[in-house]
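Since the structure of chain X is already known, use the hints to place chain F on it.
Those sequence lines, one after another, are chains X and F. 189 is the number that our numbering gives the last residue of the first sequence; the numbers go up by one with no jumps. 487 is the number that our numbering gives the last residue of the second sequence; the numbers go up by one with no jumps.
Here are the simulated DMTMM-like cross-link-like pairs (lysine to aspartate or glutamate), alpha carbons at most 20 Å apart as the crow flies: (1) X:K122 - F:D17; (2) X:K72 - F:E12; (3) X:K38 - F:E366; (4) X:K38 - F:E329; (5) F:K2 - X:D107; (6) F:K8 - X:E115; (7) X:K122 - F:E419; (8) X:K122 - F:D416; (9) X:K114 - F:E12; (10) X:K38 - F:D413; (11) X:K114 - F:D17; (12) F:K2 - X:E116; (13) F:K8 - X:E104; (14) X:K122 - F:E329; (15) X:K84 - F:E324; (16) X:K114 - F:E7; (17) X:K84 - F:E366; (18) X:K38 - F:D416; (19) X:K85 - F:E324; (20) F:K2 - X:E104; (21) F:K8 - X:E138; (22) X:K122 - F:E7; (23) X:K72 - F:D17; (24) X:K38 - F:E323; (25) X:K72 - F:D22; (26) X:K38 - F:D22; (27) F:K8 - X:D169; (28) F:K367 - X:D39; (29) X:K84 - F:D326; (30) X:K38 - F:E419; (31) X:K122 - F:D413; (32) X:K84 - F:E329; (33) X:K122 - F:E12; (34) X:K85 - F:D326; (35) X:K85 - F:E323; (36) X:K84 - F:E358; (37) X:K85 - F:E329; (38) X:K38 - F:D326; (39) X:K38 - F:E324.
What the hints contain is simulated information worked out from the structure, not anything from laboratory work. On a predicted model such as this, the values are computed, not experimentally measured, just so you know.
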Amino acid sequence: MTTEELIARCKSGDAQGQSCLVRTYAPRLMAICRRYTKDPASAQDALQETFINVFKYINSYSGKGSFEGWLKRIAVNCSLAFAKKVHPVYFVDESPNSDMQMSEVPDAYSNLGKEEILNLLKRLPESLYIVFNLVVIEGYNHREVGEMLGITEGSSRGSLSRARSRLIDMLQSENGVGVNVKKKIVATS
Amino acid sequence: MKYNNFEKHISESFLHDSAAVDTDALIASLGIPVALEPKKKIAWWLLTSIALLSLLVVGLYYFVNTSKGNYIEDSGSSILTDDNWNSNNNGSSLLVAEHDEAIGENKAKEEIAIVDVVVNDEIEEIVATTEVTGSIIASDISYVEVDTQVDYVTNDTGKKLDASKVIEANSEPSQFISTTSTVRVSNSANTIVNDRTVINKEVGIVNSAVKNRSAISLLPIDIVESQVVSMATLPGLAEPECPSFSYRIPWNIALLAEVGVMKPMKNLENIGGSNSVFDLRDRNETSKEAIQIGLHAKISKGSNPLYVRGGAAYTRIAEQMNEEYDYIEMDTMRGLISITTSMTGDTVTAIYGDVISETRYTGRSEKHYYLHLIDIPVAIGYEIPITGSFYAGAEVGVQFNLRTSGSGLIFRDTNDYAELSEVTTKETKVGMSYFGGFHFGKHLSKRSSIQLSARFRYYPSKFSTVDPTIEQRYNLAGLHAGYVFRF
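The following block holds chain X by itself, in its conformation from the complex (with noise of 0.2 Å):
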């Protein structure tokens, strides 16, 4: 079944077509979903979303630009809705400062793994987070992003830069680490 075959018949409610549509998308779309929530369950959630906003809105898709490219559309943003509503993400409205793009990282670095890069931006604050895999893992570009996130494009462009600054800090320095968190939690009366 080829892909317009595969949209024609989920535009027309055939179920085989919807089953077939969700075998061959769900794990693709499943790590987009991982990587914008924060436990496995809530990914699930977001998956799921997402395929009832495809289902709904799968006739208002007209065919122009790639079908894939608008079902992880859809995923990233039912991921980041879902990951809103968790808690709120806050951006901070500024200018990039400098560009990193030169600055050196250990060698060691080029061979991570994606778990382990994964983990490794996972530790960035979650805003530097999300905007750093829009534009370099998702490719979207700043306007884009910007829409995506409700935020200007300067913004994204802010929050890129630093999110390889620290990044960069994080690889050049020994632990790595750049964000403190203080957690604790209060037990109920």
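Frame of chain X, contents of chain F only:
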């Protein structure tokens, strides 16, 4: 390595990223009707084809086997005479007569003789089935095997026929009664041949001399005379055979489907040193409810009030962790941290640096985790009727745990929850537990009843999952509603 190369490495690493998903569960959760996959369709067609083919083969087999004989059905005539016998026989070796037809004594003799001797000299045995009522009279009978509803078989030589399966007419009295279903007759001229070499013929024979008196007047006189002879040797004059009886007490088997709600009584015990996780869990983790569904078989014997029950049960215990959180996230960003103006006022110095910001998060949350148990309960019980259609009983038993698993988030560290299904240290079985209780029920019909049971379950084993220094034990008490169906 330049940073931009590292960033390139990151983006390439996630270019075709995918993660494992239970797509079936996802499809189910989306409410998409399950459509047969092509493979499943093939399997379905294959199985259906095999089933149809098997049915066809079995059908053909029975058709061929039941069509071997050359039957003549003479359901129209009430009396078979020489003429209509001959006209109906048409050279066939087989006669099938309806119940209400009368076959004259001589005809019966002759027919049997004809079948044995004329039609096929080698045939020495006739098998009669189908609700034969009355007498079979044949002078040349030497071998008789009887099945249902044959009242008696008469040998007109006056020799006794025994009601056993094989009778040698030459040496036995001429009458017997049997309630078995097949009659086998062979002539006396020859010795009894081996069943395997005999071509058995099915003959339904009714002698109307007894059953259909109106037919007697139509019979030739020699038949009536013969009947008189046979009446003289009525059953009962022969040596009576006493049947042997064995009374078997029947087993009562019933199915019990149950649904129950229980209150978990959890006991957390810290067997390590000071443990803040234990303190928090002990204070904030509450057991919600346990539900159980089960299907059991109950077996008892006769009216004995004792019974044995065994089956399978699934139990889910729910736990809830109440949490209030209050934490501060410190972050830094680039910004203006100082502006200095010189004494003369002609120079303004701006200093940029890391501006530290703090964000405080407070809130409440509830996290749940569940323990899933699959058990084999076995119980022995005592059940007695009380007033009317009500009954009551009590039982004790053991429950063997087949599998224990967990799901949800369990509090593991002062600021961390673990997905219980992913925690490797969890135990997969909690061994044996004991239970006891009593029940009341009401019979709805001869086969069905409903009952309400109160039960207490004790687990001697611990359920500790994440932290080996915390022992988690349970007792459960609850009510179960059940439906009983007796076979």
